[in-house]
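Turn these sequences into a full structure, and let the hints steer you where they fit.
Listed below are the residues making up each chain.
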Amino acid sequence: MSSQILGAVMLIYLLAAILFLMAELWSSPRLPAAGRIMLWLGLGIHSAALLGRWVESYQLALAQSVPAALAEKLRLIIVYAPLSNFYESLIFFAWCLPALGLMAFRRYFKGYLVALVALLSTLLLAYASLGGVDSSIKPLMPALKSNWLLIHVVTAFLGYAAFALAFGTALLYLLQERRPRPSLPPLPLLDGLIYRTTVLGFLLLTLGIFTGAVWAETAWGRYWSWDPKETWSLITWFIYAALLHARHLKGWHGRRIAWLAVLGFMAVLFTYFGVSFLLSGLHSYLT
Amino acid sequence: MPATRIQSKPKSWLWGTLTSIRLTVFLLLILAAVAVIGTVVPQNQPPDQYFSRFGEVWGELLWRGGFTSVYFSPWFLGPISLLAMNILACVVHGLPQAVRRASQPLTGETALTLPERGQITWPAGVDPHALIGATLSRELGHYRLETLPDKEIYLRERGRCRPVGPYLIHIALLLILAGSLIGKFWGVDGQLPLDQGEVAGAFQVGSRVEKPLNFQVRLDHFQVSFYEPGGTPKEFRSDLTFIKDGREVWRGTCRVNEPVSFGGLTFYQSSYGTQATGPIRLKVQLGDLSQSMEAPFRRPLELPGGQGQVIPMRVDGDFRGYGPAVLLAFSPGSGHPQAFWVLQNHPELSEQPGPYRFTAESIPFGYYSVFQVKHDPGLWWVYGGFLLFLPGLYLAFFRPVERWALVLAKTPKGRWQGRLLGASPRQREEFADRQERLLMELKRGTAA
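First to last, the protein sequences are chains A and B.
Numbered by my numbering, the letters in the first sequence go through residues 1 to 287 in order.
Numbered by my numbering, the letters in the second sequence go through residues 1001 to 1448 in order.
Keep in mind that the hints were calculated from the coordinates and are not lab data.
For lysine-lysine, the following BS3-like pairs were computed, each having C-alpha atoms within a straight-line distance of at most 30 Å: (1) B/Lys-1413 / B/Lys-1151; (2) B/Lys-1234 / A/Lys-73; (3) B/Lys-1410 / B/Lys-1443; (4) B/Lys-1244 / B/Lys-1211; (5) B/Lys-1244 / B/Lys-1184; (6) B/Lys-1234 / A/Lys-138.
Incomplete in silico selection of chain B near chain A, CB under 8 Å: (7) Thr-1024; (8) Val-1025; (9) Thr-1039; (10) Tyr-1268; (11) Phe-1389.
The beta-carbon is built from N, C-alpha and C at its ideal position, and this holds for glycine as well.
And the structure:
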């Protein structure tokens, strides 16, 4: 049932992407409004599907053990947030992209950027439903039963989403620089937007790493074990740290920063997909 | 004085290099490259793994070059120490100035150097003081007023502490690095496997070293529960009793994500293992002969017919989801010993070299608990670094920086005239919005 709803959400995002693309190509004032409504609609249904899965997981957990006190109940609710396997992380990543764009970067979230982001969400959802990813709700292994699960995953994926926005903006920048189009935002605006999204992503990635470290400390007695996921998140962090330093101290702007944002997002993708599939480690339960 | 110049030159060169951003970026790139190697080359494996995987030449190179434990090799420790020095040098170099800037409030004198953003002249006879006070309070918040003989200056600034932000971040990083060093040198980290009912007075540090405890710990009860038979483990918990000078001092339950601490050490429920609780009953076939035998755990058993011996090496309560299994090491009279798994419920899945054919009739097994035992005096340094990092990030990247001044003076004709000055290095759009609103509100008084 929830997978069919997500299939519908995927189509809605695709439609929104097409509407925004058409709006840019024919410079129509009405199409973006329609696209925006579509995107909000998709996000609303998407949120409801996430909540539905949360309720379902919680009810399955209740079948295992019934909590007595309210605190225990709350803990169970937090622990059973639908963020504990690869499928759920894909769905959540796909949610973070439009959510962050619509809520945190409302003013700049228009045109090709929205089309790109909506397309990315569509791809993620398509992969989740068609790529042979196991979508069943699995009982949690002991290490995942922690209050840190929710905050760790939420900060990490919001961070990924912010970097995805930076990546999309960087692509637009490079495109605009090579072949200027009046329909695209001006270069200084794109440059500023790459910076803002990167800074937000950097904050969230840092929080994701810190919460992961504190969690690992309580679960295994080690805040850092050089697990491939940890290491790659650190490499990603280094790249964005280098970007921020280059911009603040060396005055780098424009094309070079855009390429760094592209490189950073490649590292993000490797941290998310590459590490899960190619290297094994503490996060291997994802697959 | 040429002598001093010659002396000071290398020093300033060194200092210049240490505080340079180029060094930082260079080190970050090297660290990233080394870390990539660390994720591609499996770490801390026995040497034969590398030879079989990467071949003679590369295996030798990786092993001898320290790439098999790269995060503890000079390849990583060198650049990270340099990075720490680089960060420290930058903090020493820039922090005093940042603190000075943060502690100097905006004065009327400096405010007059800010760029002008607009002018308002009120009609004769209109006193704008009340309007200005109300508008500035509403739009900008708490302001200060400086009165000079010929003019009044309304001052408002936000984000004066912003220059300190980057230094907080870098001090936080130094705290984290220092914490990890402290943990490395003054902390202990080991493992303790415990059987149900067993009492331990020491734990293992590294593969061979035993470290004594100044108390004893007893595992009263260990329980592994599964969501369904053969499925995901649901919980493992250990009930521990701590004994000091022969007296039971404290009891605690240790679960995954819920460590217990005693005597300065913390016990983490890190994993569990399976072991045989009695001899394993095997059916041994050789041609038409078939015999049931009891094989004691980890002891050699001479086989009938005298063609070799067998040792049960390991047991697994649920081998790859197929139920109980035993790992047998079979040594023929001559030639290399061979190891293979025999599954109790799926004898057909076992590949055996012959000439004997083994089937498991019963595998008595139980679980034992494995703890990570740790004392890390650097942990709070690391956590302190985490906590300091966040206000640092806020100040450096998110704190709005704005300086405003409204200079109010009388024109020669006796009218009140205000000049709005201000600057914001970062948030240009928000600043422009606010400027527009401020001017609009202030001009409202001129229409009356």
